[in-house]
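Colleague: Here is how the chains run, residue by residue.
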Amino acid sequence: MDKAKELELKKIATEIRKSIIIQTASAGSGHPGGSLSGVEILTYLYFVEMNIDHKNPQDPNRDRFVLSKGHASPLLYAVLAERGFISKDELTGFRQIYSNLQGHPDMKKVPGVEMSTGSLGQGLSVANGMALAAKLDGKDYRVYVLLGDGEIQEGQIWEAAMTAAHYKLDNLTAFLDHNGLQIDGKITEVMSPEPVDEKFKAFGWHVIKIDGHDFNQIEKAVNEAKTIKGKPTIIIAETVKGKGVSFMENEVGWHGTAPNKEQAQKALEELQKQLEMLEVQG
Amino acid sequence: MAKIATREAYGQALAEFGEVYKDIVVLDADLSKSTRTEIFKKKFPDRFFNIGIAEQDLMATAAGLATCGKIPFASTFAVFAAGRAYDQVRNSIGYPHLNVKIGASHAGVSIGEDGASHQMLEDIALMRVIPGMVVLSPSDATSTYECVRLAIEHEGPVYIRLGRLGVEDIYKKGELKLTLGKGIVLQKGTDVGILATGLMVHEAIKAAKMLQDEGISVYLVDMPCIKPIDVDLILDVAKVAGCIVTAEEHNVLGGFGSAVSEVLIQNYPVPVKMVGVNDEFGRSGKPEDVLKFYKLTAEEIINKAKEVMKMKK
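Residue numbers (UniProt numbering), protein chains in the order written: chain A, 1 to 282; chain B, 1 to 313.
Worth double-checking, as some hints may not be accurate.
[Unchecked claim] Below, simulated DSSO-like cross-link-like pairs (lysine-lysine); rule was C-alpha separation at most 27 Å, straight line:
{"id": "1", "chain 1": "A", "residue 1": "Lys135", "chain 2": "A", "residue 2": "Lys186"}
{"id": "2", "chain 1": "B", "residue 1": "Lys239", "chain 2": "B", "residue 2": "Lys206"}
{"id": "3", "chain 1": "A", "residue 1": "Lys231", "chain 2": "B", "residue 2": "Lys286"}
{"id": "4", "chain 1": "B", "residue 1": "Lys3", "chain 2": "B", "residue 2": "Lys286"}
{"id": "5", "chain 1": "A", "residue 1": "Lys231", "chain 2": "A", "residue 2": "Lys199"}
{"id": "6", "chain 1": "A", "residue 1": "Lys168", "chain 2": "B", "residue 2": "Lys239"}
{"id": "7", "chain 1": "B", "residue 1": "Lys173", "chain 2": "A", "residue 2": "Lys139"}
{"id": "8", "chain 1": "B", "residue 1": "Lys182", "chain 2": "B", "residue 2": "Lys286"}
{"id": "9", "chain 1": "B", "residue 1": "Lys310", "chain 2": "B", "residue 2": "Lys295"}
{"id": "10", "chain 1": "A", "residue 1": "Lys135", "chain 2": "B", "residue 2": "Lys22"}
{"id": "11", "chain 1": "B", "residue 1": "Lys3", "chain 2": "B", "residue 2": "Lys239"}
{"id": "12", "chain 1": "A", "residue 1": "Lys3", "chain 2": "A", "residue 2": "Lys135"}
{"id": "13", "chain 1": "A", "residue 1": "Lys168", "chain 2": "B", "residue 2": "Lys22"}
{"id": "14", "chain 1": "A", "residue 1": "Lys229", "chain 2": "A", "residue 2": "Lys273"}
{"id": "15", "chain 1": "B", "residue 1": "Lys209", "chain 2": "B", "residue 2": "Lys292"}
{"id": "16", "chain 1": "B", "residue 1": "Lys188", "chain 2": "A", "residue 2": "Lys168"}
{"id": "17", "chain 1": "B", "residue 1": "Lys239", "chain 2": "B", "residue 2": "Lys188"}
{"id": "18", "chain 1": "B", "residue 1": "Lys206", "chain 2": "B", "residue 2": "Lys188"}
{"id": "19", "chain 1": "A", "residue 1": "Lys11", "chain 2": "A", "residue 2": "Lys135"}
{"id": "20", "chain 1": "B", "residue 1": "Lys209", "chain 2": "B", "residue 2": "Lys295"}
{"id": "21", "chain 1": "B", "residue 1": "Lys173", "chain 2": "B", "residue 2": "Lys209"}
{"id": "22", "chain 1": "A", "residue 1": "Lys3", "chain 2": "A", "residue 2": "Lys229"}
{"id": "23", "chain 1": "B", "residue 1": "Lys22", "chain 2": "A", "residue 2": "Lys108"}
{"id": "24", "chain 1": "B", "residue 1": "Lys43", "chain 2": "A", "residue 2": "Lys168"}
{"id": "25", "chain 1": "A", "residue 1": "Lys135", "chain 2": "B", "residue 2": "Lys33"}
{"id": "26", "chain 1": "A", "residue 1": "Lys11", "chain 2": "A", "residue 2": "Lys168"}
{"id": "27", "chain 1": "B", "residue 1": "Lys312", "chain 2": "A", "residue 2": "Lys135"}
{"id": "28", "chain 1": "B", "residue 1": "Lys22", "chain 2": "A", "residue 2": "Lys139"}
{"id": "29", "chain 1": "B", "residue 1": "Lys3", "chain 2": "B", "residue 2": "Lys295"}
{"id": "30", "chain 1": "B", "residue 1": "Lys292", "chain 2": "B", "residue 2": "Lys313"}
{"id": "31", "chain 1": "B", "residue 1": "Lys42", "chain 2": "A", "residue 2": "Lys135"}
{"id": "32", "chain 1": "A", "residue 1": "Lys11", "chain 2": "A", "residue 2": "Lys139"}
{"id": "33", "chain 1": "B", "residue 1": "Lys209", "chain 2": "B", "residue 2": "Lys312"}
{"id": "34", "chain 1": "B", "residue 1": "Lys286", "chain 2": "A", "residue 2": "Lys139"}
Rather than coming from a laboratory, the hints here were simulated on the basis of the structure. Since the model is a prediction, treat every value here as computed from it, not as a measurement.
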């Protein structure tokens with residue numbers, strides 16, 4: 001990836017981080033930690049990789065993205081707003097009674113949301129269904145899904161992992177947002193899913209491990225996945241929960257707690273500084 | 001007369017409609033021989049997906065297929081479809097109102113020997129409280145065919161309750177045309193109304209004949225559509241007959257009888273007696289013996305009819 005492109009993506013990612021803070025602070029609730037950890041992954045998918053068109057959100061040939069960890073809705077809404085699917089003005093209505101931006105994404109209310117999620121463990125199965133449909137119809141769209149590392153404690157994930165491999169869904173790429181934390185603490189202390197790479201390998205998947213905040217590594221992994229035939233790919237993305245906001249990084253408490261006014265102010269100032277530094281580089 | 005189980009009719013209907021509707025895909029969870037989706041699988045192997053013994057994955061995979069324009073029929077035993085995969089049916093199918101059809105076989109106690117773990121007596125209650133879910137419960141082969149047709153023609157989630165036991169034909173193919181939300185009047189009468197669904201329609205028909213022989217005039221209705229329910233017909237029965245017996249192979253709590261009562265109590269209250277399983281789990285036995293054990297019989301419908309007639313004002 002050339003430097004200019006990378007810089008542009010970093011700026012978008014920082015804007016998205018600001019939006020996550022604004023949304024959760026406006027709502028007084030929501031999940032900032034796991035939204036911030038997945039920012040680079042979604043930024044890359046929505047601004048580089050995926051064939052999508054906000055003017056034609058139901059195009060049958062579009063690529064699909066399923067946010068299996070539905071609590072990261074502020075991240076998805078921020079990306080959809082940045083890509084023109086929804087208005088940026090809507091974002092401050094997040095989680096409020098008359099808004100379409102539900103606490104967890106609702107596909108019937110928000111254009112660009114491909115699946116209603118929130119009950120963990122179901123998104124991979126849904127993505128399998130989409131990938132199977134593509135194969136049946138001889139279409140070459142690809143399906144992406146973002147899983148949480150705590151989420152894979154749900155048994156259905158492993159049912160779906162079997163199905164994806166059994167039906168050779170090489171048009172499916174899963175991302176694992178491997179930030180190491182869930183509501184009650186470290187994933188390894190609550191109920192360890194490790195070693196996740198060995199598990200997915202054993203289930204018949206092509207496994208790639210990357211730094212989930214590095215656009216170059218994300219790009220390389222997504223492109224590698226497209227060359228793999230006969231099996232699905234999982235990109236295990238090492239991430240930092242709360243990434244980008246100093247006092248939220250790696251703090252389990254920021255899983256499902258919104259910043260108050262002062263905290264939001266502080267976070268936005270930090271992010272604004274990061275943005276200004278990127279401007280200087282550009 | 002040859003007896004055909006509604007699950008068998010389901011498999012046959014899928015294979016038949018599969019020719020016309022190319023978007024139909026069928027999914028099963030290792031029970032295709034029992035749910036009879038095997039018939040579809042043999043004809044359209046490319047459009048059949050065995051998901052293995054994984055009902056949660058079955059339901060959510062069907063949801064994903066539906067988002068891409070397919071008409072998935074997710075098929076397994078009722079106890080797994082409505083029970084084990086409830087959250088997937090609720091959250092991945094019901095909440096986004098996806099076009100998934102759930103073919104739930106082996107409902108009720110009449111699966112017999114397998115016993116309580118496999119006898120589903122709560123599915124009507126569970127499914128009808130999911131907003132937007134259509135709940136169908138056919139009584140014979142022809143009504144099953146019609147329910148599959150209604151499911152295909154309806155845009156949205158549909159639960160079809162099917163039985164394992166062979167049943168006699170009530171209707172002739174081609175002579176029954178079901179409408180979503182409408183019941184079937186088998187005969188009109190003025191002394192007591194009998195509203196039955198699924199397997200119990202057969203017992204209701206026998207009961208009505210015996211009651212007629214005693215000079216009691218029965219308003220007899222088959223209700224294949226539990227949701228949306230035929231409000232107009234229920235009120236007509238209430239007004240004409242003045243009292244009602246409901247019959248279902250399901251827990252009386254929250255099931256078909258409850259659905260009928262909800263309509264009556266809010267519009268035109270008349271006495272109701274319910275024939276069904278009285279808040280119990282099932283048990284093993286020959287299907288006929290189990291049905292008798294739980295009083296899912298014509299005799300019990302007659303008893304309840306006589307009781308409810310005394311309650312008329």
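Colleague: Are the hints correct? Go through all of them and say.
Modeller: Verification of the hints:
1. A/Lys135 x A/Lys186: violated, 38 Å
2. B/Lys239 x B/Lys206: holds, 23 Å
3. A/Lys231 x B/Lys286: At roughly 46 Å apart (the allowed maximum being 27 Å), B/Lys286 and A/Lys231 break the hint.
4. B/Lys3 x B/Lys286: holds, 17 Å
5. A/Lys231 x A/Lys199: Holds, at roughly 15 Å.
6. A/Lys168 x B/Lys239: Judged against 27 Å, a Cα distance of about 60 Å means the pair is violated.
7. B/Lys173 x A/Lys139: Distance of about 39 Å is beyond 27 Å: violated.
8. B/Lys182 x B/Lys286: violated, 33 Å
9. B/Lys310 x B/Lys295: Judged against 27 Å, a Cα distance of about 21 Å means the pair holds.
10. A/Lys135 x B/Lys22: Holds: A/Lys135 and B/Lys22 sit about 15 Å apart, inside 27 Å.
11. B/Lys3 x B/Lys239: violated, 36 Å
12. A/Lys3 x A/Lys135: Not OK: A/Lys3 and A/Lys135 at ~36 Å, beyond 27 Å, violated.
13. A/Lys168 x B/Lys22: holds, 23 Å
14. A/Lys229 x A/Lys273: violated, 43 Å
15. B/Lys209 x B/Lys292: holds, 19 Å
16. B/Lys188 x A/Lys168: violated, 57 Å
17. B/Lys239 x B/Lys188: Answer holds: B/Lys239 to B/Lys188 is near 12 Å, not above 27 Å.
18. B/Lys206 x B/Lys188: Satisfied, since the Cα-Cα distance of roughly 15 Å is no more than 27 Å.
19. A/Lys11 x A/Lys135: violated, 36 Å
20. B/Lys209 x B/Lys295: Holds: B/Lys209 and B/Lys295 sit about 18 Å apart, inside 27 Å.
21. B/Lys173 x B/Lys209: Within the cut-off at roughly 23 Å; holds.
22. A/Lys3 x A/Lys229: violated, 31 Å
23. B/Lys22 x A/Lys108: Satisfied, since the Cα-Cα distance of roughly 25 Å is no more than 27 Å.
24. B/Lys43 x A/Lys168: Cα-Cα ~22 Å, so holds.
25. A/Lys135 x B/Lys33: holds, 26 Å
26. A/Lys11 x A/Lys168: Outside the cut-off at roughly 37 Å; violated.
27. B/Lys312 x A/Lys135: Distance of about 61 Å is beyond 27 Å: violated.
28. B/Lys22 x A/Lys139: holds, 16 Å
29. B/Lys3 x B/Lys295: holds, 22 Å
30. B/Lys292 x B/Lys313: Status violated; Cα separation ~32 Å.
31. B/Lys42 x A/Lys135: holds, 20 Å
32. A/Lys11 x A/Lys139: Measuring from Cα to Cα gives roughly 33 Å; hence the hint is violated.
33. B/Lys209 x B/Lys312: Answer holds: B/Lys209 to B/Lys312 is near 21 Å, not above 27 Å.
34. B/Lys286 x A/Lys139: violated, 50 Å
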